[in-house]
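Using the sequences and the accompanying hints, generate a full structural model.
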Amino acid sequence: MADLDALPALARRSARQTLSRPQFLAPVLLLPTIFLVAYSGGAASLRHLPGFPAGYGMFDYQIGGDMLLSAVMAGVIGGIAQIVDIQVRFIDRLLLSPVPRGQLLLGRLAGIGLLGLLGGVVFSVIAFVFGARPARVTDLLILFLLQALTAVAWGSITTGVALRTGKPSTVQTLLPLSIVLVMFSSAFVPRRLLDDPLDTIARFNPLTYVSDALHEPWIGGVTTATTVKALVALAVLGLIGAGLCAGSLRHRVEG
Amino acid sequence: MIRAEKLARAYGDTQAVAGVDLSVDGGEIFAFLGPNGAGKTTTVRMLVTLLRPTGGSASVAGFDVVKQADQVRRRIGVTLQELSLDPTMTAADLLRLHLALHGLTRDRAAAARGAELLDEFGLGTVVKKPVLAYSIGMRRRLDLALALVHRPQVLFLDEPTTGLDPASRQAIWQRVRQLRAEGAAVFLTTQYIEEADQLADRVSIIDSGEIVVEGSPERLKATAGNSRLELVTEGPLPATLGQSLESLALLRSTGDGTATVELDKDEADIAAIIRVFEQAGVTVRGMQVHRPSLEDVFLAHTGRQLEGTHQPAAMKAVTRG
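Just so you know, the protein sequences line up as chains R and L, in that order. For the first sequence, the numbering used here gives the first residue as 1, with consecutive numbering after it. For the second sequence, the numbering used here gives the first residue as 1, with consecutive numbering after it.
Hints in this document: simulated from the structure, not taken from any laboratory. Among these hints, one or two may not hold up.
To be verified - Residues from chain L that face chain R, not an exhaustive set, calculated with beta carbons under 8 Å:
| id | residue |
| --- | --- |
| 1 | VAL48 |
| 2 | ARG52 |
| 3 | ARG74 |
| 4 | ARG96 |
| 5 | GLY103 |
| 6 | THR105 |
To be verified - Cross-link-like lysine to aspartate or glutamate pairs, in silico, DMTMM-like; alpha carbons within 25 Å at most:
| id | chain 1 | residue 1 | chain 2 | residue 2 |
| --- | --- | --- | --- | --- |
| 7 | L | LYS67 | R | ASP5 |
| 8 | L | LYS129 | L | GLU116 |
| 9 | L | LYS129 | L | ASP70 |
| 10 | R | LYS229 | R | ASP139 |
| 11 | L | LYS129 | L | ASP93 |
| 12 | L | LYS129 | L | GLU82 |
| 13 | L | LYS67 | R | ASP92 |
| 14 | R | LYS167 | L | GLU82 |
| 15 | L | LYS6 | L | ASP25 |
| 16 | L | LYS6 | L | ASP207 |
| 17 | L | LYS129 | R | ASP92 |
| 18 | L | LYS6 | L | ASP64 |
| 19 | R | LYS167 | R | GLU254 |
| 20 | L | LYS67 | R | GLU254 |
| 21 | L | LYS6 | R | GLU254 |
| 22 | R | LYS229 | R | ASP195 |
| 23 | L | LYS128 | L | ASP165 |
| 24 | R | LYS167 | L | ASP13 |
| 25 | L | LYS128 | R | ASP92 |
| 26 | L | LYS67 | L | ASP107 |
| 27 | L | LYS128 | L | GLU82 |
| 28 | L | LYS129 | L | ASP119 |
Cβ coordinates follow ideal geometry from the N, Cα and C atoms, glycine included.
Structure below.
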């Protein structure tokens with residue numbers, strides 16, 4: 001058996017598991033939409049403050065933040081889907097197969113990435129419908145890549161927690177916690193408009209750097225420096241998640 | 001095919017499995033019989049590489065379950081007590097995934113075999129329905145079909161018929177016998193005495209994590225004493241009844257309207273025993289022959305009865321009057 005033979009099937013199954021359940025899609029699509037409507041309408045006058053990107057409206061700024069929220073929610077849903085697999089013992093079926101355990105995890109994460117990408121596509125369409133445009137077409141591709149990677153990185157952490165604890169309540173707690181972390185970043189308000197302690201928290205919050213990169217296609221255009229910072233932040237999150245997953249799987253077998 | 005030496009698993013101070021030795025060959029059905037919590041499932045989970053032993057060693061199909069776990073997983077088929085099925089997936093989805101997990105995506109013969117197995121297990125018409133819509137029996141059959149698709153050398157069945165109706169149980173037994181005939185080693189755990197009795201070539205009784213006795217069902221039952229004739233009587237039992245029966249059987253006990261007679265090995269003439277009772281002025285209203293069962297074997301070795309067991313088929317009752 002070639003090393004990655006089972007990966008497409010595992011990714012497909014992971015994606016279908018989430019896409020077939022409306023309760024899994026709601027946080028990825030509905031929740032950011034509510035934020036988009038609320039902030040674009042209810043906080044529109046923020047655009048007049050000094051420090052807000054000149055020449056752009058609140059909607060232009062919000063769309064990047066909503067994409068971050070959508071990607072993070074895709075990651076959380078990945079963890080919840082993992083818990084469902086543990087509860088129905090489907091994880092045993094996967095662990096009983098000769099597929100290396102790393103590949104089982106990759107399959108799960110690839111499915112989470114697809115869910116993240118779906119959020120990116122949906123919110124890009126919404127952005128287009130309401131008149132927002134990326135500076136360049138390639139910006140959109142970078143945006144989709146970041147969206148998928150954000151979901152994968154965050155999903156690796158939630159999946160690791162799910163594998164370690166096996167408790168739905170613990171993983172469900174990650175949902176509000178993740179929303180708070182998104183709120184404590186530059187997702188919905190530009191860094192220059194944040195005061196301490198929120199500004200300090202945002203500076204140490206890796207999601208801020210991802211948020212900055214997701215805003216760029218809609219506000220001024222993608223820059224290499226911001227994109228690299230986002231990729232570094234995602235790499236850090238991904239490494240933490242990968243370590244957590246590997247340790248949790250080992251713990252699951254060693255008991 | 002399966003070897004274990006002093007296989008052990010501890011959770012803190014609790015010893016779930018305490019040094020199990022066992023050996024199962026190809027073409028053999030080996031049953032692990034014991035009550036809930038005896039250590040059956042923990043043993044299976046160690047042998048199928050889902051749980052790491054804390055002591056001893058084990059190999060399956062010649063591969064160490066810890067050091068060569070991947071090789072073990074290539075050669076085994078497993079159905080677990082708690083069905084590992086995603087209820088939102090269809091049988092067709094599960095079959096496709098199973099083929100992919102075993103590297104058989106491009107193996108048309110394997111795919112055809114999978115479809116045949118689903119048909120054979122009566123699932124051919126529901127392959128596109130989600131598992132959620134299946135009965136417990138259908139889910140168990142699906143689980144077994146999936147476990148067989150990649151032609152495993154060793155099959156682990158952890159309580160495969162729990163919750164099944166008699167017809168479904170018989171169908172699974174039939175298939176397990178067929179697998180034995182094809183040369184597979186079958187490791188079966190059960191809490192149903194009848195299942196172990198009917199299917200197994202060898203039975204190990206496990207209690208509190210330790211194997212208390214092992215052997216063929218016949219040999220084990222032979223060690224559990226003779227058959228007993230239990231009689232429902234009318235009229236006082238004379239004190240001399242035991243003496244009158246002496247040449248035929250041993251009067252074990254008498255109670256209010258009952259008598260128990262231990263038969264010898266070849267189960268002497270029951271009609272003659274009834275005649276002795278009637279000659280003594282005792283009317284026999286009913287009788288029942290109780291042959292030694294694996295339940296008696298369990299009782300003899302542990303001093304307890306097996307919980308949740310089914311009565312063996314050896315029990316037959318006749319009532320008259």
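To see whether the hints hold, each was checked on the structure:
1. With a least beta-carbon distance of about 6 Å to chain R, the hint placing VAL48/L at the interface is held under the 8 Å criterion.
2. Checking ARG52/L against chain R: minimum C-beta separation of about 5 Å stays under 8 Å; hint holds.
3. Hint status for ARG74/L: holds, given a least beta-carbon distance of 4 Å to chain R, under 8 Å.
4. Contact between ARG96/L and chain R, as hinted, is supported at the beta carbon level, the nearest pair being about 7 Å apart and thus within 8 Å.
5. Residue-level restraint check for GLY103/L holds (minimum Cβ-Cβ distance to chain R is 3 Å; threshold 8 Å).
6. The closest approach between the C-beta of THR105/L and any C-beta of chain R is roughly 7 Å, which is under the 8 Å cut-off, so the hint is satisfied.
7. For the proposed pair LYS67/L and ASP5/R, the alpha carbon gap of about 23 Å is at most 25 Å, so the pair holds.
8. Among the hinted pairs, LYS129/L with GLU116/L is consistent with the structure: their alpha-carbon atoms are about 17 Å apart, no more than 25 Å.
9. This hinted pair does not check out: LYS129/L and ASP70/L have alpha carbons roughly 32 Å apart, beyond 25 Å.
10. A threshold of 25 Å between alpha carbons decides the hint, and for LYS229/R with ASP139/R the separation of about 16 Å falls inside it, so the pair holds.
11. For the proposed pair LYS129/L and ASP93/L, the alpha carbon gap of about 10 Å is at most 25 Å, so the pair holds.
12. Straight-line distance between C-alpha atoms of LYS129/L and GLU82/L comes to about 21 Å, which keeps the hinted pair within the 25 Å bound.
13. Pair hint LYS67/L plus ASP92/R holds up; C-alpha atoms about 19 Å apart against a cutoff of 25 Å.
14. Between the alpha carbons of LYS167/R and GLU82/L the distance comes to roughly 18 Å, so the proposed pair stays at or under 25 Å and holds.
15. This hinted pair checks out: LYS6/L and ASP25/L have alpha carbons roughly 18 Å apart, not beyond 25 Å.
16. With a CA separation close to 15 Å, the supplied pair LYS6/L and ASP207/L stays within the 25 Å bound.
17. Simply put, LYS129/L and ASP92/R have alpha-carbon atoms about 22 Å apart, close enough for the 25 Å limit, and the pair holds.
18. Restraint check: the Cα-Cα separation between LYS6/L and ASP64/L comes to about 14 Å, which is no more than 25 Å; the hinted pair holds.
19. The hinted pair formed by LYS167/R and GLU254/R meets the criterion: a straight-line CA distance of about 18 Å does not exceed 25 Å.
20. Note on LYS67/L and GLU254/R: the hinted pairing holds, with a Cα-Cα distance of about 13 Å set against a maximum of 25 Å.
21. Only pairs whose Cα atoms come within 25 Å are accepted, and LYS6/L paired with GLU254/R is accepted, the gap being roughly 18 Å.
22. As the CA atoms of LYS229/R and ASP195/R are separated by approximately 22 Å, the hinted pair is consistent with the 25 Å bound.
23. The suggested pairing of LYS128/L with ASP165/L holds, with an alpha-carbon distance near 24 Å, which does not exceed 25 Å.
24. This hinted pair checks out: LYS167/R and ASP13/L have alpha carbons roughly 24 Å apart, not beyond 25 Å.
25. Between LYS128/L and ASP92/R the CA atoms are separated by roughly 23 Å; this keeps the pair inside 25 Å, and the hint holds.
26. Between LYS67/L and ASP107/L, the direct Cα distance comes to roughly 29 Å. Violation of the 25 Å bound is thereby established for this hinted pair.
27. At most 25 Å may separate the alpha-carbon atoms for a hinted pair to count; LYS128/L and GLU82/L meet this at roughly 23 Å.
28. Proposed proximity of LYS129/L and ASP119/L is supported: the alpha carbons are some 14 Å apart, at most 25 Å.
Going down the numbered hints, you'll see the structure goes against 9, 26, while the others check out.
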